[in-house]
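Chemist: Residue-level listing of the chains:
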Amino acid sequence: MSLRRFWSGNIAVAEGALAAGVDFYAGYPITPSSEIMEHMARELPKRGGIFLQAEDEIAAIFLLIGASWADAKPMTATSGPGFSLMQEGLGIAVMTETPLVVVDVMRAGPGTGQASKAAQGDLLQARFGRHGDQIIPVFAPSSVQDCFELTVFAVNTAERLRTPVILLSDELLAHTWETVRVPEGVERVERRRPKDHEPPFGSPDPRVPPPMPRLGEGHALLVTGSTHDAWGLRQTSDPHAHRELVERLWEKIWLNREELFRYEAVGVEEAEVGIVAYGSVARSALAARKLLAGKVSVGVVVLKTLWPLPEEPIRELAARVKAILVPELSLGQLVWDVERVVAGRSPVLRFSKIGGGIPIYPEELAERVLEVAG
Amino acid sequence: MSVHPLHVFLRSEALPTAFCPGCGNGLVAGAILRALVQAGMELRKTVFVAGIGCAAWIPSPHFLADSLHVAHGRAVPTALGIKLRRPELQVIVVGGDGDIAGIGGNHLLHAARRNADLLVIMVNNLVYAMTGGQVGPTTPHGLPTSTTPYGNPEHPMDVVQVVAAAGANYAARWTTAHLPQLEKALVKALSMEGFRFVEVVSPCPARVGGRLSMAPVEALKWLRAQSKPVGQAGPDEIPVGEYIVRDRPGFLRALRGESRG
Ligand SMILES: Cc1ncc(C[n+]2csc(CCOP(=O)(O)OP(=O)(O)O)c2C)c(N)n1
Ligand SMILES: [Mg+2]
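Residue numbers (the working numbering), protein chains in the order written: chain A, 1 to 374; chain B, 1 to 261.
None of these hints come from the bench; they were simulated from the model.
Note that this is a predicted model, so its numbers are computed, not measured.
Check before you lean on any hint, since a few could be wrong.
[Unchecked claim] Derived pair list, reagent style DSSO-like, types lysine-lysine, alpha-carbon separation capped at 30 Å:
#1 A/Lys-46 to B/Lys-45
#2 A/Lys-290 to A/Lys-117
#3 B/Lys-228 to B/Lys-188
#4 A/Lys-322 to A/Lys-290
#5 B/Lys-221 to B/Lys-188
#6 B/Lys-221 to A/Lys-195
Here chain B stands alone, though its shape is the one from the complex:
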């Protein structure tokens, strides 16, 4: 039997994965690992930090790398604590929309404002999946969820736009139907300093697809059809691509006084 080339980066005790069939997290995991390889990053010098949620499980326990799995929403400050003390390590946060933009939203905003030298990957599956598919900060208006059975009365937040406005060096969105573009974005983000944010819109067959009677493959097709380049997307479409790319000094350099004058 042939072995998947990414197998060496996975922890055997974590396999087979606990992710549901058709979950987008496997695609995101693959994209992250391939991007690390392409960017020439050493896994032993990479630290993953995750909060709580299905997406948080991508690195912990799957990746054969150092990982910290902390409280719901608190991955970003934990990651910054590591990066400040060990600047030589590549510190990557992986989490869900609820974890990163909901309960952890304040940390996200301020990490972007500081241009903290972190890469944050947010898997946006439109709901709080792990707890049963409740509404979240990125749930589309009108979508029924387990806590909005009559449709979501609220409007979602464009997290990439918020992060770009807050001061990040890099902010982009792709979907699991755009893996080559996603990998390229991650490779680029890995080579930069400052705050880098990549959102991946991803299907959740268990909590969203099931409710909409949408098979995983249909969901991928839907994601592709729904996505339009940033600036050309209509109100119900998904803007994909880069929102911001800039080269401001990262927080570490700013702390050392290298960004003054």
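Extracted from the complex, chain A is given alone in its bound form:
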């Protein structure tokens, strides 16, 4: 049994969070993400959760860190300028292995850019916006259904791997209304608690995150954003301690990457021309494929996990097609990945469009595919 709901992308994110058990939200208003916050402001108090509008986005992310250590499943949502302010806290969340979810509803940057206009310029910031080596999983919905499901997945991933997770949405998707099938119950992952004398920051198997203790139970817990040993004691001059910690944090995500991969490969078997896309742009890619039916056979890889990157579907596409188009609402960020993964097996062509929040229309994409197909 499932229910049918008519939601915008932003509402579906908020509903997905609630379904996954998010019980703490702190944020700061910013277009085009504010509907998520407003929805949580209405819903959380009714369900015994906590909602707080913070003084800024820096406070918001640190409120999440504190709340997460106090057993909450926390989430926040923001957009470009606020996402920039949250990078500091994301780095601390990586180092302290604090589960939390940050939704970035992309708008046109840099700076304050165009506040209410769609863009995809934050992909590389989501991956690399912080100092130091690290991997934070990044997911990207391309339908309102995805907004619901991937938010659930993001919350569960944060708990399972004891990590911050980023959900990268965009303005077009945030304000698109679609029917969503809502299952009656969704899976809820709960973080693991320590059994007798398990260290909170060490693990013999890097794939298995250490258990997360509760505050106030006499653990005399040391939590620090600085380099630390398995018990949380700062080790700021021991090169071995640093390497051990940072490598383990990296491997915790990297060695579990297969579990994180979400994508759709449509018509790849018989494709003549390929498209790799994510977010709202992926919808145009799928529509362009339909427009070209009977003329050119188009294979589309819709990426829903953007970091770590599912490389195999891109490689498979490259093995079959004349060329791969990478349409993006940016001057080209995902295209670098595709070039790296394809490594010369087929030409990779940028298709960039920025400004004014104008989508990449299926027609213009179809036209470009026809040119490429020759």
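We have chain A already, so just place chain B with the ligands on it with the hints.
Modeler: Below, chain B with the ligands alone, put in the same frame as chain A:
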């Protein structure tokens, strides 16, 4: 060899302390622990939150209690996140003047405005000590520091006054030359709800004393001589005592709607 009575509250791995000889942080640490004992607080139900700086090291790693050591300036929002979710825990922030009033100043202001149920202890050593003694928001006018070698052209902020004006339930200042008064203030603050703020003016022999050729004991004498009760202190003196004591509902109760009507 006899053991110091507060030893049981200290983490053995953190000893001997990394604090410089003559640093005021040891006195502040002692005052906090004694106040907790006097107020009947259980250390296991107390969570310390600290940012970055020498003062932030008082609880982390020294205290044998739960502690979070986060980014520079971000202890207050982290602490509020904990308190909102676990109201039964006593959540205490310890940090320096730079951490609490400089980079974290906006958080401080809004935590006071909300009357957030936190105790914030700010160790004011007049400079950014950990990074080498640079000028900060509480550095006296004219004082030479490593980034104001010709004397501080700016004027310091009275952080206690600001916090009191912003809406805190309790705001007081003492110095490390007033330990009994400091302990009493902390005990009182621990028994209250809402936002409670205690500033401790404290000597930094390495970054301030050294520059002024002032030995630690001279610095303590100077602090005592310089301090006057709130309302009676001249422009170059240190006002000590309580700025505000009130009983407004704390943020937790306000969130539950208990402060309306
Ligand atoms: C974002 C950021 N900026 C700068 C620093 C470097 N830093 C470390 S401690 C510190 C100053 C601490 O001064 P204060 O809070 O007064 O503490 P004290 O060392 O004097 O006790 C600074 C600037 C940092 N860690 N993070
Ligand atoms: Mg200082």
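Chemist: Does each hint hold? Answer for all of them.
Modeler: Here's how the hints hold up against the structure:
1. As the CA atoms of A/Lys-46 and B/Lys-45 are separated by approximately 28 Å, the hinted pair is consistent with the 30 Å bound.
2. Taking the CA atoms of A/Lys-290 and A/Lys-117, the gap is near 27 Å; set against the 30 Å cutoff, the hint holds.
3. Pair hint B/Lys-228 plus B/Lys-188 holds up; C-alpha atoms about 21 Å apart against a cutoff of 30 Å.
4. For the suggested pair A/Lys-322 and A/Lys-290, the alpha carbons sit about 19 Å apart, so the restraint of at most 30 Å is met.
5. Restraint check for B/Lys-221 and B/Lys-188: the C-alpha separation of about 26 Å stays at or below 30 Å, so the hint holds.
6. Between B/Lys-221 and A/Lys-195, the direct Cα distance comes to roughly 52 Å. Violation of the 30 Å bound is thereby established for this hinted pair.
Against the hints set out earlier in the document, a violation occurs for number 6 only.
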